[in-house]
Amino acid sequence: FIVLEKGAPTKTKQEHTISHARVADITGSINLSIWDSKENIQPGDIIRLQGGYCAVYKNCLILYSGRHATLERLGEFQFLFSEQPNMSIPTQDSKLNDNNNNNN
Amino acid sequence: KLINEKYPKFLDRPRIQLLQLIRDFVNNKIKEIDKVLLNLLRQAAGGDWSQNNIRLIEFFIQIATETKDWIYSKQELIPYFVYSFLRLAKDHYTTHSRLAVIACEMCKERWLDCVVIGRDLARLIQELQPLIPEVDQLWTIILENPKVLSPNWLGLQELLFFPTQKQFLSQRLTPDMEAYLIFMMSKVKPINQKWYQNWWATKWFASDIRSRSLVSDLIRFICCCFHPTNQMLNADLVKRWTIILWLLKINTQISPSDVYSLFFDWFFFNPKAENIMLIEPAILLMVNCFRDLPEITNHLEDFLIKQYIGKSESYLSFGSCESFYRNLIKQAIHSSLKLIIEKRVITSISVLCSAPTLDLQTRNKFKQHFGSLFPTDPIVHLTPQNQIPISKPGIQQFPQVQMINRRLPEQPKPVQKLVNTIYTVPQQGSQLTSPVLSPISSPISSPLIAKLPTIISSNETEQTNIRLSSEQKQNTEKELNSPISNLSVNMADELREFINLAKQGNSKAQQHLRRLL
Numbered sequence: 135f136i137v138l139e140k141g142a143p144t145k146t147k148q149e150h151t152i153s154h155a156r157v158a159d160i161t162g163s164i165n166l167s168i169w170d171s172k173e174n175i176q177p178g179d180i181i182r183l184q185g186g187y188c189a190v191y192k193n194c195l196i197l198y199s200g201r202h203a204t205l206e207r208l209g210e211f212q213f214l215f216s217e218q219p220n221m222s223i224p225t226q227d228s229k230l231n232d233n234n235n236n237n238n
Numbered sequence: 051k052l053i054n055e056k057y058p059k060f061l062d063r064p065r066i067q068l069l070q071l072i073r074d075f076v077n078n079k080i081k082e083i084d085k086v087l088l089n090l091l092r093q094a095a096g097g098d099w100s101q102n103n104i105r106l107i108e109f110f111i112q113i114a115t116e117t118k119d120w121i122y123s124k125q126e127l128i129p130y131f132v133y134s135f136l137r138l139a140k141d142h143y144t145t146h147s148r149l150a151v152i153a154c155e156m157c158k159e160r161w162l163d164c165v166v167i168g169r170d171l172a173r174l175i176q177e178l179q180p181l182i183p184e185v186d187q188l189w190t191i192i193l194e195n196p197k198v199l200s201p202n203w204l205g206l207q208e209l210l211f212f213p214t215q216k217q218f219l220s221q222r223l224t225p226d227m228e229a230y231l232i233f234m235m236s237k238v239k240p241i242n243q244k245w246y247q248n249w250w251a252t253k254w255f256a257s258d259i260r261s262r263s264l265v266s267d268l269i270r271f272i273c274c275c276f277h278p279t280n281q282m283l284n285a286d287l288v289k290r291w292t293i294i295l296w297l298l299k300i301n302t303q304i305s306p307s308d309v310y311s312l313f314f315d316w317f318f319f320n321p322k323a324e325n326i327m328l329i330e331p332a333i334l335l336m337v338n339c340f341r342d343l344p345e346i347t348n349h350l351e352d353f354l355i356k357q358y359i360g361k362s363e364s365y366l367s368f369g370s371c372e373s374f375y376r377n378l379i380k381q382a383i384h385s386s387l388k389l390i391i392e393k394r395v396i397t398s399i400s401v402l403c404s405a406p407t408l409d410l411q412t413r414n415k416f417k418q419h420f421g422s423l424f425p426t427d428p429i430v431h432l433t434p435q436n437q438i439p440i441s442k443p444g445i446q447q448f449p450q451v452q453m454i455n456r457r458l459p460e461q462p463k464p465v466q467k468l469v470n471t472i473y474t475v476p477q478q479g480s481q482l483t484s485p486v487l488s489p490i491s492s493p494i495s496s497p498l499i500a501k502l503p504t505i506i507s508s509n510e511t512e513q514t515n516i517r518l519s520s521e522q523k524q525n526t527e528k529e530l531n532s533p534i535s536n537l538s539v540n541m542a543d544e545l546r547e548f549i550n551l552a553k554q555g556n557s558k559a560q561q562h563l564r565r566l567l
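Heads up: the protein sequence lines correspond to chains D and G, in order.
Residue 135 is where the first sequence starts when you use the working numbering, and the numbers rise one by one after that.
Residue 51 is where the second sequence starts when you use the working numbering, and the numbers rise one by one after that.
Be aware that one or more of the hints could be misleading.
As the list claims (entries may be wrong) - Cβ-Cβ distance ranges computed for the label pairs, FRET-style: (1) Leu-181(G) <-> Gln-184(D): 52 to 60 Å; (2) Asn-280(G) <-> His-154(D): 41 to 49 Å; (3) Asp-74(G) <-> Arg-201(D): 48 to 56 Å; (4) Trp-120(G) <-> Leu-214(D): 43 to 51 Å; (5) Gly-186(D) <-> Phe-211(G): 54 to 62 Å; (6) Glu-206(D) <-> Ser-147(G): 42 to 50 Å; (7) Lys-216(G) <-> Thr-161(D): 33 to 41 Å.
Said to hold, decoys possible - To be clear about the criterion: a stretch of chain G counts as covered by chain D if any three or more of its residues have a C-beta under 8 Å from a C-beta of chain D, and this derived list gives those stretches: (8) 169 to 182; (9) 225 to 237.
It should be emphasised that the hints constitute simulated quantities derived from the structure, not laboratory data.
The C-beta atom is built at its ideal place from N, Cα and C for all residues, glycine as well.
Work out the full structure, taking the sequences as your base and the hints as a guide.
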């Protein structure tokens, strides 16, 4: 997928830095959160993520990098994508809410 | 190959080492080194002021001075060198004036080889002429004593009408720039266009404000090297003129050299020999921008008109042979506009002179100079069965044409209303004739005339010999005579009355029209 925009990095209580970005490919776009990334990703980069997972966080679907995930920069610019549908728009899905409550 | 793909990624130290290596190659005259040199020359980008680029330029200056004879022996290399040096000299003339000097020397010694480049050589020399004295010298030689350079060469005219080869235009863009640009134009859809433009800008335009000088090279490349097929044009892809629009707007003020490079092919266009794709983006840009971004259309129209007139504020200057080249330019602009209208790249050029969002002065000037091209309206083409000859008022009839055209924007409304009434009330002959004969430009009247025979049952076939005094009316007469054979006597009388009114004054004719409506 290709990186569309980059957000500001945030810090957690255990001093992990999470960097945010919005990424897209032909099927749609999604928010990406990477824990403890040392590399700086620029918008316009084409990336391959191996070992990631999706989860709902605050009613948004977000793509995370797992514990042993690798992020590879393949190139830039020459990648077709579509911004719609955006998977990370907050949804008021009752089923999801129930799931969250059950997990909690 | 190595250079093409990896060179931009090299760090400083390896680059320096690579350059030294190549210099040794050249000094030892190893085979195939010329291709390597050309690829490397391509990497020397215009508008790039980074240390790497400057080092590369200095490298090339050294090579050019040290191994001049070897370069001269390789004929194909010379035009590439000359073109690149002239272009780079435009950016760096303060610090590296050697570039221009070397290019001039090469030109003088091997002029015929340099001519292969085509028009853009003239463009570069003209742009450098006020800045560097050697170039000025060269330019005066070209204008006045062309035989000095080469006994066989006819003169600047020949150079200007020789379209630039694509290799030279792509020479001035680095390979990755070219790849990305082609990707943008051939694959991207307009929805996503903004993203790609932003990424491009961050990569190549962000570093320096002076890097905007690259824009003119990009525009030349888009106009000349990339001609999309009909399939691509019909598909939902980014159009060339939208990209050029973005490029023009990168500078806060539109730079005249960019507009010059956009219109450059217009000035020396040869409709028989050249592809319309060279001139198409400019006109599409003008016509599509007038609604939302009138200042751009204004600017472009203004520029075009100024070049046409050739006053002192125009961008080009041809020195002593001014009038000769000015005439050439006029003819070429005229023929390019004509071709555009013929091939129906845009539906109608009247937009450029009647749109209220555009500046009034430019509009009037446009009408004044290009008025003869207006009569080809789209409505005419709707009726194939009636082969009505479209008479275009000649260039001598400017004042009358002006009158006609000023009323163009007003007329279509009553005409359309009448089209509706025709279908409902076919018997009211008087209503039908009046719009037909208003002194509107003939094509607008001719569709109605064409429809008349089909709508009205052919009652009488009477030739109405309408005597019209002025020339413009003669033109309408030819058209009226053929289909009017179907009109009845009453209508003919109405016709005569109306034409008399029209002769007396346009305002009266208008009143008559309104009355009849």
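Of the hints given before, which are not true for this structure? Per hint list: single violation, 8.
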